[in-house]
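Please arrange chain X on chain U, whose structure you already have, making use of the hints.
Heads up: the sequence lines are chains U and X, in that order. Going by the numbering used here, the first sequence opens with residue 144, and the numbers climb by one from there. Going by the numbering used here, the second sequence opens with residue 144, and the numbers climb by one from there.
No lab work stands behind these hints: they were computed from the structure. A portion of the hints provided could be inaccurate.
[Claimed, not checked] So these bits of chain U aren't anywhere near chain X, every CB distance computed over 12 angstroms:
1) Ala162
2) Asp217
3) Gln223
4) Gly245
[Stated by the list, open to error] In silico EDC-like links for lysine to aspartate or glutamate, alpha-carbon gap of 20 angstroms or less:
5) U:Lys283 to X:Glu305
6) U:Lys257 to U:Glu394
7) X:Lys301 to X:Asp210
8) X:Lys257 to U:Glu251
9) X:Lys410 to X:Glu305
10) X:Lys283 to U:Glu312
[Claimed, not checked] Derived list of chain X stretches under chain U, where covered just means 3 residues or more per stretch with a C-beta under 8 angstroms from a C-beta of chain U:
11) 150-160
12) 224-237
13) 252-266
14) 273-280
Positions of the beta carbon are idealized from the N, C-alpha and C atoms, including for glycine.
There are 2 protein chains.
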Amino acid sequence: MEVIAGVKQMQERSQQLRAQRETIAFVPTMGYLHEGHLSLMREGRKRADALIISIFVNPTQFGPGEDYERYPRDMKRDLQLAQGVGVDIVFTPSVQEMYPQGFQTYVEVEKVTKNLCGISRPHHFRGVTTVVTKLFNIVKPHLALFGQKDYQQLVTIKRMVEDLNMDIEIIGLPTVREPDGLAMSSRNAYLSPEERRAALSLYRSLCKGEELFRQGTKDAKAILREIRKIIKAQKLAQIDYAKICDPHTLEDIDEIEGEALIALAVKIGETRLIDNVILREG
Amino acid sequence: MEVIAGVKQMQERSQQLRAQRETIAFVPTMGYLHEGHLSLMREGRKRADALIISIFVNPTQFGPGEDYERYPRDMKRDLQLAQGVGVDIVFTPSVQEMYPQGFQTYVEVEKVTKNLCGISRPHHFRGVTTVVTKLFNIVKPHLALFGQKDYQQLVTIKRMVEDLNMDIEIIGLPTVREPDGLAMSSRNAYLSPEERRAALSLYRSLCKGEELFRQGTKDAKAILREIRKIIKAQKLAQIDYAKICDPHTLEDIDEIEGEALIALAVKIGETRLIDNVILREG
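Extracted from the complex, chain U is given alone in its bound form (with noise of 0.2 angstroms):
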């Protein structure tokens, strides 16, 4: 596996690979690498000649006040997990060499960023964006694979390739829960044992909300009530957004028509986890 830092050698690296007719899946990530990650990379595996993964705590896309400085980081094991899946390629650049001195110029996408994690974190998916294009003009992939955990991130990544023209399939996968429930997450880090219970409370109000859809509840506001009640029993949690909406346009919808998106963003302590269920008629 070999381990790239300079914008200039992956970029060369990349080329080569295309010259030599391989084809290049690529995984984005902050590290701290989990299942989640895991199987966006066996996915890539399967799919490509080559898989390129990047490791990046990308500073753009946190807000004053976020978690940049301490989210978490340890290099080495990552570098383990990423061998033991058979990435060929961990792309692993500075903050100095991803934007020097002068940077200005940022992809925003207008409308699916607004709602959602685009109102409590109003700078979030313009960071995102623009990290991703350049990612992409390095490493150069066909497809590039990302989690539905993100959903929102997701949307806005599809939508930013088709409206600017890459020539880059994006893959979204499931969702990767541990055993209880709990979405798979670098943040979970943070959590304290208590706060770890009280987080579960994400999964199961979503349960109970596709349990409600499934029995025939089409009114976004009841099925809401629901959600926020299960949540709100937790002390420790409290509640960023819980919404229902357009699964492309990420509007807020009010009944329930084919298909929708639940997705919640919660406070356990200082730690901001989000989760997200889409309801799919029949």
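Then chain X, alone, in the frame of chain U:
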């Protein structure tokens, strides 16, 4: 010479050229080609295996009340001129294909787009960088050529390419002028004979500025005073801006040290023209 209108077809054709290890030079244009465009094409012809141009009047770089609808168009003549300089492929997408329903992604270069044309045309450069990103992703060039007449555009695109790690060489070529000095522009077609004479004041005033600089004047205000005087002598001319800037940051400067840009935007009747010159010591 091939003419391709479809985005997917163009993308596949460029992919094919790259698979054959051909290098691609690209000249994006809004059509109504003149010697300025043709000089870019001739240089591209020399520097790469395949020469691709685009002809697309891009609506997102025009503001409300600007000349998008009446911008001059003559596809038949353009295709003949392109063939004459050895263009291999002309890409002629429709607005519908470039900006389908639901389009919502923009690329923005923040600082170098603020001064000069960015003041009276606040969304212009966002339209330019967005369409150029799209065209780059469709045409997949190794190098792209732009005229120095649109100096701020050239600086903006270079900045975008560097910031977003686009693996494309950007080449700027000198402004091509009519025998009497008027900078070539598709918009010159708007000028009446009387306006055409008044339009010469742009070039004449830039020459005066250059002369004063060569004679030792380093005070920007003193140079701009003489420039404004020459333009204001024309009844049909109205100055949008006349500025002296740092040629890299495009920030106004008071005292010229080393290099400087003199940049003009002047309305001649209803027609807004721009021109510029770079001042260099020694």
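Evaluation of the provided hints:
{"no.": "1", "hint": "Ala162", "verdict": "7 angstroms, violated"}
{"no.": "2", "hint": "Asp217", "verdict": "27 angstroms, holds"}
{"no.": "3", "hint": "Gln223", "verdict": "28 angstroms, holds"}
{"no.": "4", "hint": "Gly245", "verdict": "8 angstroms, violated"}
{"no.": "5", "hint": "U:Lys283 to X:Glu305", "verdict": "16 angstroms, holds"}
{"no.": "6", "hint": "U:Lys257 to U:Glu394", "verdict": "9 angstroms, holds"}
{"no.": "7", "hint": "X:Lys301 to X:Asp210", "verdict": "26 angstroms, violated"}
{"no.": "8", "hint": "X:Lys257 to U:Glu251", "verdict": "18 angstroms, holds"}
{"no.": "9", "hint": "X:Lys410 to X:Glu305", "verdict": "33 angstroms, violated"}
{"no.": "10", "hint": "X:Lys283 to U:Glu312", "verdict": "16 angstroms, holds"}
{"no.": "11", "hint": "150-160", "verdict": "holds (count 3)"}
{"no.": "12", "hint": "224-237", "verdict": "violated (count 0)"}
{"no.": "13", "hint": "252-266", "verdict": "holds (count 4)"}
{"no.": "14", "hint": "273-280", "verdict": "holds (count 4)"}
Comparing the model with each numbered hint stated earlier shows that hints 1, 4, 7, 9 and 12 do not hold.
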